[in-house]
Amino acid sequence: MADPVTFTVNGKSMQAPGGTLLIDACKRAGVEIPAFCYYEGLALQAACRMCLVEVEKAPKLMAGCTLPVTEGMVVHTESPAVVKARKTTLEFLLTNHPLDCPVCDKGGECELQDMVFRYGAGDSRFTEIKHHVDEKQWSPVVYFDAPRCILCYRCVRICDEGLGVKALGVTNRGAYSEITPNLGDHLECDECGACIDICPVGALTSGIYRYQTRPWEMEHVATICTHCSNGCKTTLGVKNDQILRGNNRDRSGINGEFLCIKGRYAFDFVEHAERLQSPLMRVNGKLEEVSWSKALSFVAQRFSEIKAAGGKFGVIGSEHTTNEENYYLQKFARQGLGTPHIDHRRSGDLPALLDALSSKQNTLATTADLYNAKGVLIIGSDLSQQHPFLAYQIRSDARLHQAKVFTVTEGPVREDKVATKAIRAAAADHLATLKTLADDLKSIGDLIVVFGDSIKGAAVAELVAFIDSLGIPAKYVCLVDYSNSRGASDMGLLPYLGPGYHVSQQPGMSMSEMLADAALDALWVVGSNPLKNATLASPKAFVVVQDIFLSETAQRADVVLPAASAYEKSGTVTNVCGEVQRIRKAVSVMGTKADLDIFGLLARAMRLELGQATPDKVLEEIRSTVHGYNVPLPVIATGGAAMTAPVNGRVPAAAHPQAIQSARDTLFTSGSLGRYSKTLNAVLESPGGLYKP
Amino acid sequence: MYPSLLHDSPHPSETVVLSKRYRLPNSRSIDTYLANDGYKAFMRASQMSPEQIIDEVKTSNLRGRGGAGFPTGMKWSFVPRTSPKPKYIVVNADESEPGTCKDRVIIQYDPHQLIEGILIAARAVDAHRGWIYIRGEYRYLIDIMDEALAEAYARGWLGKNIQGTGFDFELSSHTGAGAYECGEESALLESLEGKRGVPRIRPPFPAVSGAFQAPTILNNVETFAAVPSIFLMGGQAWADLGIPKAGGTKLTCLTGHVNRPGVHELALGFPVRKMIEDVGGGMRGGNKLKAMIPGGSSCPVLTGEEAWELTMDYDSMAKAKTMLGSGGVVIMDETTDMVKACLRIIRFYQHESCGWCIPCREGTLWLKKLLTRLDEGVGSAKDIDLVGDLADNMLGRTFCPLGDAAALPTMSIVRKFRHEFEAKLAKKAVSMAGLPQLVSING
Numbered sequence: 000m001a002d003p004v005t006f007t008v009n010g011k012s013m014q015a016p017g018g019t020l021l022i023d024a025c026k027r028a029g030v031e032i033p034a035f036c037y038y039e040g041l042a043l044q045a046a047c048r049m050c051l052v053e054v055e056k057a058p059k060l061m062a063g064c065t066l067p068v069t070e071g072m073v074v075h076t077e078s079p080a081v082v083k084a085r086k087t088t089l090e091f092l093l094t095n096h097p098l099d100c101p102v103c104d105k106g107g108e109c110e111l112q113d114m115v116f117r118y119g120a121g122d123s124r125f126t127e128i129k130h131h132v133d134e135k136q137w138s139p140v141v142y143f144d145a146p147r148c149i150l151c152y153r154c155v156r157i158c159d160e161g162l163g164v165k166a167l168g169v170t171n172r173g174a175y176s177e178i179t180p181n182l183g184d185h186l187e188c189d190e191c192g193a194c195i196d197i198c199p200v201g202a203l204t205s206g207i208y209r210y211q212t213r214p215w216e217m218e219h220v221a222t223i224c225t226h227c228s229n230g231c232k233t234t235l236g237v238k239n240d241q242i243l244r245g246n247n248r249d250r251s252g253i254n255g256e257f258l259c260i261k262g263r264y265a266f267d268f269v270e271h272a273e274r275l276q277s278p279l280m281r282v283n284g285k286l287e288e289v290s291w292s293k294a295l296s297f298v299a300q301r302f303s304e305i306k307a308a309g310g311k312f313g314v315i316g317s318e319h320t321t322n323e324e325n326y327y328l329q330k331f332a333r334q335g336l337g338t339p340h341i342d343h344r345r346s347g348d349l350p351a352l353l354d355a356l357s358s359k360q361n362t363l364a365t366t367a368d369l370y371n372a373k374g375v376l377i378i379g380s381d382l383s384q385q386h387p388f389l390a391y392q393i394r395s396d397a398r399l400h401q402a403k404v405f406t407v408t409e410g411p412v413r414e415d416k417v418a419t420k421a422i423r424a425a426a427a428d429h430l431a432t433l434k435t436l437a438d439d440l441k442s443i444g445d446l447i448v449v450f451g452d453s454i455k456g457a458a459v460a461e462l463v464a465f466i467d468s469l470g471i472p473a474k475y476v477c478l479v480d481y482s483n484s485r486g487a488s489d490m491g492l493l494p495y496l497g498p499g500y501h502v503s504q505q506p507g508m509s510m511s512e513m514l515a516d517a518a519l520d521a522l523w524v525v526g527s528n529p530l531k532n533a534t535l536a537s538p539k540a541f542v543v544v545q546d547i548f549l550s551e552t553a554q555r556a557d558v559v560l561p562a563a564s565a566y567e568k569s570g571t572v573t574n575v576c577g578e579v580q581r582i583r584k585a586v587s588v589m590g591t592k593a594d595l596d597i598f599g600l601l602a603r604a605m606r607l608e609l610g611q612a613t614p615d616k617v618l619e620e621i622r623s624t625v626h627g628y629n630v631p632l633p634v635i636a637t638g639g640a641a642m643t644a645p646v647n648g649r650v651p652a653a654a655h656p657q658a659i660q661s662a663r664d665t666l667f668t669s670g671s672l673g674r675y676s677k678t679l680n681a682v683l684e685s686p687g688g689l690y691k692p
Numbered sequence: 000m001y002p003s004l005l006h007d008s009p010h011p012s013e014t015v016v017l018s019k020r021y022r023l024p025n026s027r028s029i030d031t032y033l034a035n036d037g038y039k040a041f042m043r044a045s046q047m048s049p050e051q052i053i054d055e056v057k058t059s060n061l062r063g064r065g066g067a068g069f070p071t072g073m074k075w076s077f078v079p080r081t082s083p084k085p086k087y088i089v090v091n092a093d094e095s096e097p098g099t100c101k102d103r104v105i106i107q108y109d110p111h112q113l114i115e116g117i118l119i120a121a122r123a124v125d126a127h128r129g130w131i132y133i134r135g136e137y138r139y140l141i142d143i144m145d146e147a148l149a150e151a152y153a154r155g156w157l158g159k160n161i162q163g164t165g166f167d168f169e170l171s172s173h174t175g176a177g178a179y180e181c182g183e184e185s186a187l188l189e190s191l192e193g194k195r196g197v198p199r200i201r202p203p204f205p206a207v208s209g210a211f212q213a214p215t216i217l218n219n220v221e222t223f224a225a226v227p228s229i230f231l232m233g234g235q236a237w238a239d240l241g242i243p244k245a246g247g248t249k250l251t252c253l254t255g256h257v258n259r260p261g262v263h264e265l266a267l268g269f270p271v272r273k274m275i276e277d278v279g280g281g282m283r284g285g286n287k288l289k290a291m292i293p294g295g296s297s298c299p300v301l302t303g304e305e306a307w308e309l310t311m312d313y314d315s316m317a318k319a320k321t322m323l324g325s326g327g328v329v330i331m332d333e334t335t336d337m338v339k340a341c342l343r344i345i346r347f348y349q350h351e352s353c354g355w356c357i358p359c360r361e362g363t364l365w366l367k368k369l370l371t372r373l374d375e376g377v378g379s380a381k382d383i384d385l386v387g388d389l390a391d392n393m394l395g396r397t398f399c400p401l402g403d404a405a406a407l408p409t410m411s412i413v414r415k416f417r418h419e420f421e422a423k424l425a426k427k428a429v430s431m432a433g434l435p436q437l438v439s440i441n442g
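First to last, the sequence lines map onto chains A and B. Numbering that gives the first Met the number 0 numbers the first residue of the first sequence as 0 and each following residue consecutively. Numbering that gives the first Met the number 0 numbers the first residue of the second sequence as 0 and each following residue consecutively.
Just chain A, with the same shape it has in the complex (with noise of 0.2 Å):
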């Protein structure tokens, strides 16, 4: 940081390290410059002109974009000089842009729009004719209206340097000049729709958004992504009830602008007709339409039946559900059924790693410190496609603070690009190959460790011993794949974890074991499909399963209760760096209800004492008994994330590491929930692929 300077902005005294750019400056104290084409962590333009103020012995008006704060600088912001100039630009301007307001999605959010109406003018002196040029759609997702483009060049730029795609071009020149997508007429990229958010006009408009309200009509609701790990917010613009829309506009979680596909667009299967809506159950052979009621009295029979004759319960706990209801689940399980096979499909070695850094501080990264390393070693995973914000973080790391970064995966990676060095190994050699690096690590300032399935078992604790013998300080990451994978890892549904990582006194089977066992008496399913790529062995079972859709494990149900998907629901989830944050519910899908609420309807019915089953309630039990969860509770009630703190102390292994595994989900497939996405299927890129050059 250089030595501060004192400088003079409308008469105040100020003072800013010297070298920072004047509109930086300027913001922090509260002083507005305006701009269209500066936008933070992008390539500098000074484009738009928008942003001129008068600096005393400058021959003409500065751009404040591009001026760095010099000891004695005396600037103007609003001086007549400057009035006029931004009065002017803005009405050139508006010149070609066509007054679309009373038809364009961006009305109520627009950025020329709240220019104008600060600094314009009344009316235009323009009276030619305006250049007209057709709206055209590059993809489901992405509609471009030429005229209304004001070459601010934002998108350009974070499709570029942001997202690392460069999907998008500029054509023509002058006047004519248009933003144009990389095959011509259309787009072929991650569609993440991070250009149409980023866009301060209604050039770019969403596909699946348009012409169905106005923003002021949406309610907003703050919530976390429901796809992948890495706990994106995304806020959620609701109206009748029905969600229209995502995006994170306000910039406001740990996701900052960045959002995928998924995060933006993939919330339709909300309202997908397949919904599940009404308790099943099987009747003569054939699943049947049933009340709640009945379904959850004939459950709870059956449970108790089972617990009092001594049977063997197989309880299958699920990756999205949040902490609380894993948590009360394994509740459920231990102490009300007695039973400790507990589970759910595991697709990181978390327990390897929390074992290998057990009596070590300070040694988890979160999402932050992947924006800050000064290097970042990612091992075994195509982040792009399966983790695309912990990528965006590495990505905008080693191009603004040039961060080493290295990467030994199976096959190309969009990382390869900013890589110092990328090493293309078979996953069983992965650990054999990093080791080659040593000298190149061992002069980084400090090192992130982002590892995928490729490490586990007994791989974890070499992994952590060689990054130790480097001798500088290191963090890690153990990647897993949905959006509440470490809660249900942290919460316990394990079989011989508990809560926190706590040694059970009895272990269980594994769901491999479970599913396996002929002698199971009751399966109890909770947001998993597991059945999708394996059979229950035991034909006796009693099969009840809670899902949002009729999958293949809830086709060999007994009992199917509809369970609330993640957007309609509240509770707090678990990122894959251990962040915690809450979801809230947005909208409500009749017929269903959430986890938590058929747990603490069975609980009742089977007169267990289990506690309180509302989400505050055992969010409180969370804080006080499961360790490292002890998180305070401002930070999440107002939406920010509260990192976990490790376990401090040996955690065993888990019997079979090599049955942890991957689903391999790309940026267009998110297990079995994302085939009920209609967006996520329509984009020509989809299904995509791991690994592709």
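Hints may be right or wrong, so weigh each one.
What the hints assert, rightly or not - Computed, partial: chain B to chain A, Cβ under 10 Å:
hint: 1; residue: E180
hint: 2; residue: H350
hint: 3; residue: M393
Stated by the list, open to error - As a list, the in silico DSS-like pairs of lysine-lysine whose alpha-carbon atoms are at most 27 Å apart:
hint: 4; chain 1: B; residue 1: K320; chain 2: A; residue 2: K56
hint: 5; chain 1: A; residue 1: K26; chain 2: A; residue 2: K59
hint: 6; chain 1: B; residue 1: K368; chain 2: B; residue 2: K426
hint: 7; chain 1: A; residue 1: K129; chain 2: B; residue 2: K368
hint: 8; chain 1: A; residue 1: K11; chain 2: A; residue 2: K83
hint: 9; chain 1: B; residue 1: K415; chain 2: A; residue 2: K59
hint: 10; chain 1: A; residue 1: K129; chain 2: B; residue 2: K381
hint: 11; chain 1: B; residue 1: K427; chain 2: A; residue 2: K129
hint: 12; chain 1: B; residue 1: K273; chain 2: B; residue 2: K320
hint: 13; chain 1: B; residue 1: K84; chain 2: A; residue 2: K416
hint: 14; chain 1: B; residue 1: K368; chain 2: A; residue 2: K86
hint: 15; chain 1: A; residue 1: K56; chain 2: A; residue 2: K86
hint: 16; chain 1: B; residue 1: K368; chain 2: B; residue 2: K339
hint: 17; chain 1: A; residue 1: K373; chain 2: A; residue 2: K165
hint: 18; chain 1: B; residue 1: K339; chain 2: A; residue 2: K129
hint: 19; chain 1: B; residue 1: K381; chain 2: A; residue 2: K83
hint: 20; chain 1: A; residue 1: K306; chain 2: A; residue 2: K285
hint: 21; chain 1: A; residue 1: K83; chain 2: B; residue 2: K368
hint: 22; chain 1: B; residue 1: K273; chain 2: B; residue 2: K287
hint: 23; chain 1: A; residue 1: K59; chain 2: B; residue 2: K320
hint: 24; chain 1: A; residue 1: K59; chain 2: B; residue 2: K244
hint: 25; chain 1: B; residue 1: K244; chain 2: B; residue 2: K318
hint: 26; chain 1: B; residue 1: K381; chain 2: B; residue 2: K368
hint: 27; chain 1: B; residue 1: K194; chain 2: B; residue 2: K84
hint: 28; chain 1: B; residue 1: K415; chain 2: B; residue 2: K368
hint: 29; chain 1: A; residue 1: K83; chain 2: B; residue 2: K415
hint: 30; chain 1: A; residue 1: K165; chain 2: B; residue 2: K194
Quick caveat, the hints were computed from the structure, so don't treat them as lab data. Idealized CB from N, CA, C, for every residue including glycine.
Let chain A serve as the given structure and place chain B on it in line with the hints.
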């Protein structure tokens, strides 16, 4: 085949230094060059230190011949010679300023003079790589330049260990693709690097961060071409050809309504009256001088009365609130329609606007539409005011000087020849009396 801009022999009032070989048979061949003091200046400069070379150029008072007129020696001294980055020489041969046709003459008739100037500049900053950026429209000149480069390589004046001096230099031509803005130095560098020809944020300037972010000397063709003469006759002798603060000669492009248009080498400080009446052979048909563009269309236009008393140098033109610019002189007599001239000039800038910044992109298009309408006589007095106002709103607000280049001539024409605009409107005005009322707003 191509119209010759050079008369068979120079006018007696010309100061023949740069152009001394142009009229020799086979002037552009390396043999002609070597037989006429060719590459001697480079050998002399090779005996000098970089500081001595730069001092000699400073002494000569050579100023950039592309249009901006920045002191060349001072520009070269900004290059950090001790930087670990490679240094580059880039020649701006994107000559596109309307009225300017001198660089093409240099390349067509004496390309080796340009090569030698580049080599001397390279010695001044320890550069070993250079490019000559030639506008794409100069297709035939690119071929001529490439032939000269091949000759130089073949005879050991380019490449490794030039003539045993131990100095290496690689030089090649690079083709533009039809954009005036690529004559702006930073946009040229962007184009050279294979990107869109839009200008860069300055600072840093090319001398510090130019081609491929390395220190670069970027000068106009004529500027480099003058350098060998400076080292043959000495910097002070070159300076003395001109006037204080503006040394040497200028290849002046005398175009328009004179009897003898063409490229003439005139000493800095040459009187305008003498240029038109003597060198130019007088106004055609004996007509009166109505207006003059002194140095390419990016300058404010002078009226005949204003121009008559001036001399062709930087300071004299600046005092008259215009510029010497590129030396592209356009003489307009009393038959010229100044409204049409204004429209033609704006059409050029609108077409060439790169589109990067709002005032130029939208302003030039608005002005074009407005002036088209005014040229047809459709409009009001307020519209004439609007022309000047719009141009004024572009002035000083744009990202690069193209906006100023469009605004300055426009404002000067509207101010100095307003009566012509008014006359056009008066001719076309239609009286509303007697016409049936079609629509009534007030019921």
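How the hints compare with the structure:
| no. | hint | result |
| --- | --- | --- |
| 1 | E180 | holds, 8 Å |
| 2 | H350 | holds, 7 Å |
| 3 | M393 | holds, 8 Å |
| 4 | B:K320 - A:K56 | holds, 21 Å |
| 5 | A:K26 - A:K59 | holds, 22 Å |
| 6 | B:K368 - B:K426 | holds, 20 Å |
| 7 | A:K129 - B:K368 | holds, 10 Å |
| 8 | A:K11 - A:K83 | holds, 22 Å |
| 9 | B:K415 - A:K59 | holds, 25 Å |
| 10 | A:K129 - B:K381 | holds, 20 Å |
| 11 | B:K427 - A:K129 | holds, 24 Å |
| 12 | B:K273 - B:K320 | holds, 21 Å |
| 13 | B:K84 - A:K416 | holds, 23 Å |
| 14 | B:K368 - A:K86 | holds, 21 Å |
| 15 | A:K56 - A:K86 | holds, 23 Å |
| 16 | B:K368 - B:K339 | holds, 13 Å |
| 17 | A:K373 - A:K165 | holds, 25 Å |
| 18 | B:K339 - A:K129 | holds, 23 Å |
| 19 | B:K381 - A:K83 | holds, 19 Å |
| 20 | A:K306 - A:K285 | holds, 26 Å |
| 21 | A:K83 - B:K368 | holds, 23 Å |
| 22 | B:K273 - B:K287 | holds, 15 Å |
| 23 | A:K59 - B:K320 | holds, 17 Å |
| 24 | A:K59 - B:K244 | holds, 25 Å |
| 25 | B:K244 - B:K318 | holds, 14 Å |
| 26 | B:K381 - B:K368 | holds, 15 Å |
| 27 | B:K194 - B:K84 | holds, 21 Å |
| 28 | B:K415 - B:K368 | holds, 21 Å |
| 29 | A:K83 - B:K415 | holds, 25 Å |
| 30 | A:K165 - B:K194 | holds, 14 Å |
Hint compliance for this structure: every hint is met.
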